[in-house]
Structure formats: structure tokens, C-alpha cells
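Protein chains: 2
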Amino acid sequence: MLNMCSAHDDLTARAVIRDRALELFALHGPDSVTVRQISTAAGVSPGLVIHHFGSKERLRAAVDAHVAAVFDGLFARAAAGDLDPADGASFAEVFLRELPPASPVPRYLRRLLLSGDPAGTEVFRRWFGASRATADALVARGVLAPGRDPLVRAAFLMVNDLVLLLLRDQLADVLGVDPLGQEGAARWADEVLAVYRDGLFARGTERFQGTER
Amino acid sequence: MLNMCSAHDDLTARAVIRDRALELFALHGPDSVTVRQISTAAGVSPGLVIHHFGSKERLRAAVDAHVAAVFDGLFARAAAGDLDPADGASFAEVFLRELPPASPVPRYLRRLLLSGDPAGTEVFRRWFGASRATADALVARGVLAPGRDPLVRAAFLMVNDLVLLLLRDQLADVLGVDPLGQEGAARWADEVLAVYRDGLFARGTERFQGTER
DNA sequence: ATCTCGGCTGAACATCTGTTTAGTATGCTG
DNA sequence: CAGCATACTAAACAGATGTTCAGCCGAGAT
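Residue numbers (the numbering used here), protein chains in the order written: chain A, 1 to 213; chain B, 214 to 426.
Treat each hint with caution, since some may be false.
Restraint ranges, calculated between C-beta atoms of paired labels, are given here [stated by the list, open to error]:
(1) Thr121/A with Arg416/B: 17 to 25 Å
(2) Asp411/B with Pro118/A: 34 to 42 Å
(3) Asp403/B with Gln37/A: 46 to 54 Å
(4) Thr40/A with Leu312/B: 41 to 49 Å
(5) Pro259/B with Ala137/A: 56 to 64 Å
(6) Ala385/B with Ala172/A: 26 to 34 Å
(7) Arg338/B with Val16/A: 33 to 41 Å
Just some of the chain B residues that point at chain A, by a computed CB distance under 10 Å [said to hold, decoys possible]:
(8) Ser258
(9) Pro259
(10) Leu261
(11) Gly355
(12) Arg361
(13) Val376
(14) Asp391
(15) Phe414
The hints are simulated quantities; they were obtained by calculation from the structure and are not laboratory data. In this text the structure is predicted, and so the values were computed from the model without any measurement. All residues carry an ideal CB built from backbone N, CA and C; glycine is no exception.
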């Protein structure tokens, strides 16, 4: 099984520091994490962290770049058709399945997107580009209706997907089931597809949709 | 001089400190903001901040409570039908219209939700409760179809709305227009309503829209 | 063998952190 | 009036923070 933790050699202390920093940053936010916490988590001295990255800020930038690279890889594989969308066809789900179960990357992405960091904006742009591309493809194949405002429609579909990553914990709280887990994802996809298929409003024809899945 | 500490805020230094802290917390995150920054922003000494709130952590809690109270007020007014949903019927839009244009509250809410703070979870719960109530009401009036999974459907509708607050900046970036501004909100609501009405998939009956590509 | 060099450490550095303390001014109450 | 409580400040405190520095260690080159 291939791991996307690093392109080349992996066990170098530099990479260990970066990975531990990623985890801690994702969990508590970069500002609340100290160099000493990172260094002890990586089993090295605080000085070595600075020695390798120059400063805490540059370490943060390196982690940003690393996460962006992970997403680049995922987008590239998605564009190459390497990842089968399966049913549901949700980027978020596919990505989550592609990463290790306890990967800190999604959590870090939340921080990246909601903090307004340029690196987060860049990932968002790329994600949107991919979303738009697949939407266009589905429209070309006659599956999706383009709508009057394809740009906005693509954005709408994308954030409907992305929001599962962002609000996963809160949704799990009120729903009582993890919307990205086994059962929750099924229920969520079911309902979303129902809306996408039949719309939201009560129709004159009584709601009787025999189409079971 | 002014009266002593009272829950009913006005120009008391305590309230000023709280408000400046809210702004700074919303902008940079509570962990990156120092007591001294807050005190100079409020025009007081660092000691006074501690004198009034006991500690920085308790100040943060006070700000959380204040934001929660603001939302409580909005929810109460919404429940009382005091806010007209207008068209589009988006909670996020209505709330944003109700707050001062440069209010730090939405930005603070983002942090609250992403940080997993209990206060954020509480606001989310309340928001979901309100969402579910209005959804139920619309179903009872025969406007909305309940769907097979009303809980999930209500959550879906709610986060479709909430995501505009969370990703406003990123969406504005890729769309080229603020989705909560004048023009952007209209375009967004148009497209969302179209999906909610007609669904997403190309129907047998072709709708001719053909201008693009 | 020596030399060198990069990974690495331990202790120190200056600065910044939240908080405390001592003290002042002012208004309220007896 | 004295007495007291409150809003507030200036200065200091202990500890944490990011960073620097002198030096150790082991491997590869000469």
C-alpha cells in the first residue's frame, strides 16, 4: 500500500518532525502548538526543529506545502480516472477513503480553509477546478443538467460535498451518526441523491418513489 | 462615573474589553491574541482585563457566551416570525442582514465551529433545531416533501446554508462575486432553488439552455 | 590515521506570556 | 467626616516561547 507521506526517503528526522507537526497543528492549531511539543513528539531536540526548518513559521509553511502536495496527488489521480467514484461520487468520500483512516490531513484542511490562509485558498481553487471539470464532463455526457449558471451550480455541488469534511463532528453530534462513516454516509448520500433527483418540494403526484437502492 | 459591572452592557470598560476581544479573536484566533493586544485595543491596562474576567480563558468563555447570546436573540426573533425570510429563505442571509455589516460575529462563529469548542457545538445544535422546526413547518404546510430521512434532509438543508458563512471568502474568490453580497446572493439563491425545484439531472424533456460551450 | 562535515544536543538567551501585587483615585454609605 | 468598596494603573513576577550557540558524535573522504 502506498503512503503519500513523502515522495522520497521517509524516515529522515526532517520528515518525522514535519509529520508530527502536521498532526499537532491539525489537532490544536499552529499557534497553540509549541516548538518544544513538536520536538518531543518527534523525539528530537527543539534546536533540531529550527535547524531543519529555519523557524516555526517556515515549518508551518512546509506543512502547508506538504498538505497541498497530498491534495495535488489526489487530484491528479482523480483526473487520471485512477480513483473510481463508485456510487455517491463524492470527492470528499473518495479522498477520505484514499487517506489513512486517522489521517490528520482532513482536519488540517479545515484549519487551512477556515483560517483564510493563502495555501488553503489554493487548495480550494484546485478542488473547485476539479469539481467544475467533472461537472462539465457529466453535463457533456448528458447526465447532469447544466443549469442557468454552471459556475454557481458547480460551486454549490462542491461545497455540498466539502461541508461534510468541515462540519463532520457537528453533524455527527446532531444526527447521532458520523456522516462520513459507513451508515451515515449511506443515509446522507441517499437523501442528497433524492433531492438531486426529485427536488425538494412536495409535488402534485404523491411522493411515491419505488426506486429502492 | 459609570455604574458597576452589570450584565446589561453598554459603554462600561468591561463591555469594551469584551467587544475588542471578540474582534481580535475573530480575526486572529484566541490563541494568537495576547492580553496586552486586547488591553491596548480597549485603551486599558493589561491588569484590568484580568481584573474583570479573572483570566484570559474566562474572557474567552465570556466572549463565547456573548456570541451565543447574540445568536439566541436572532433565533428567538426568527421563531417569533419577527424576521421575514423574504425570498431565498436562507437563515445565513437573514442573520447577516440583521448584524452590522462589519460584525465580527460571523467570523467568530467560523472559529467556534471549526475549533470543536462546546460553545460552537451548542450554537450548531440550536441552529439545527431552528432549521428542523422550519423544515417541519413547511412540510406540514405541504410545501416541502419530507423525504425518507427528514433528519438528514433538514441537516442537508441547514449546512447548505451555513456553508455560505463558512466558505464565503473562498467562494467569492472562485466565483468572482461575494455569495452573500447583492448580486452573488441572487445568483446563488437562483441556482439553489432551481436544483431544489427541478433536481440536478438532465431530464428526458430537454430544457434548451444551450448558450455555453 | 586525520580531517571534515552535517545531524544533533543541552544549555543558554532575550523576549513575551498571563498573572499578581501594591497602590491611587473616586464615588458611595454609615 | 471616616470607612469602605470599586475601577483602574504601573511595575514586577514566574514561567513559557522561539531562537542561538558551542560543542559532541559518527560516517565518509583523503
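Going down the list of hints, with the structure as the test:
Look at Thr121/A against Arg416/B: about 36 Å separates their beta carbons, and that is not inside 17 to 25 Å. For the pair Asp411/B and Pro118/A, the supplied restraint of 34 to 42 Å holds, since their beta-carbon distance comes to about 38 Å. Distance hint check for Asp403/B and Gln37/A: the Cβ-Cβ separation is about 48 Å, which falls inside the suggested range of 46 to 54 Å. Distance hint check: the CB atoms of Thr40/A and Leu312/B are about 43 Å apart, consistent with the given range 41 to 49 Å.
Between Pro259/B and Ala137/A the Cβ separation comes to about 58 Å, which falls inside the hinted range of 56 to 64 Å. Roughly 29 Å separates the CB atoms of Ala385/B and Ala172/A, a value that falls within the hinted 26 to 34 Å. Evaluation of the 33 to 41 Å hint for Arg338/B and Val16/A yields a pass: the beta carbon distance comes to about 39 Å. With a cut of 10 Å, the hint placing Ser258/B at the interface with chain A is violated, because the nearest CB-to-CB distance is about 24 Å.
The interface hint given for Pro259/B is broken, as the beta carbon of that residue sits about 19 Å from the closest beta carbon of chain A, more than 10 Å. With a least beta-carbon distance of about 24 Å to chain A, the hint placing Leu261/B at the interface is violated under the 10 Å criterion. Here the hint on Gly355/B is kept, as its CB sits about 5 Å from the closest CB of chain A, short of 10 Å. Interface hint at Arg361/B: satisfied, since its Cβ lies 7 Å from the closest Cβ of chain A, which is below the 10 Å cut-off.
Interface hint at Val376/B: satisfied, since its Cβ lies 5 Å from the closest Cβ of chain A, which is below the 10 Å cut-off. Hint on Asp391/B is violated. Least Cβ distance to chain A is approximately 12 Å, over the 10 Å limit. Checking Phe414/B against chain A: minimum C-beta separation of about 6 Å stays under 10 Å; hint holds.
When the structure is compared with the earlier hints, violations turn up for hints 1, 8, 9, 10, 14 and for no others.
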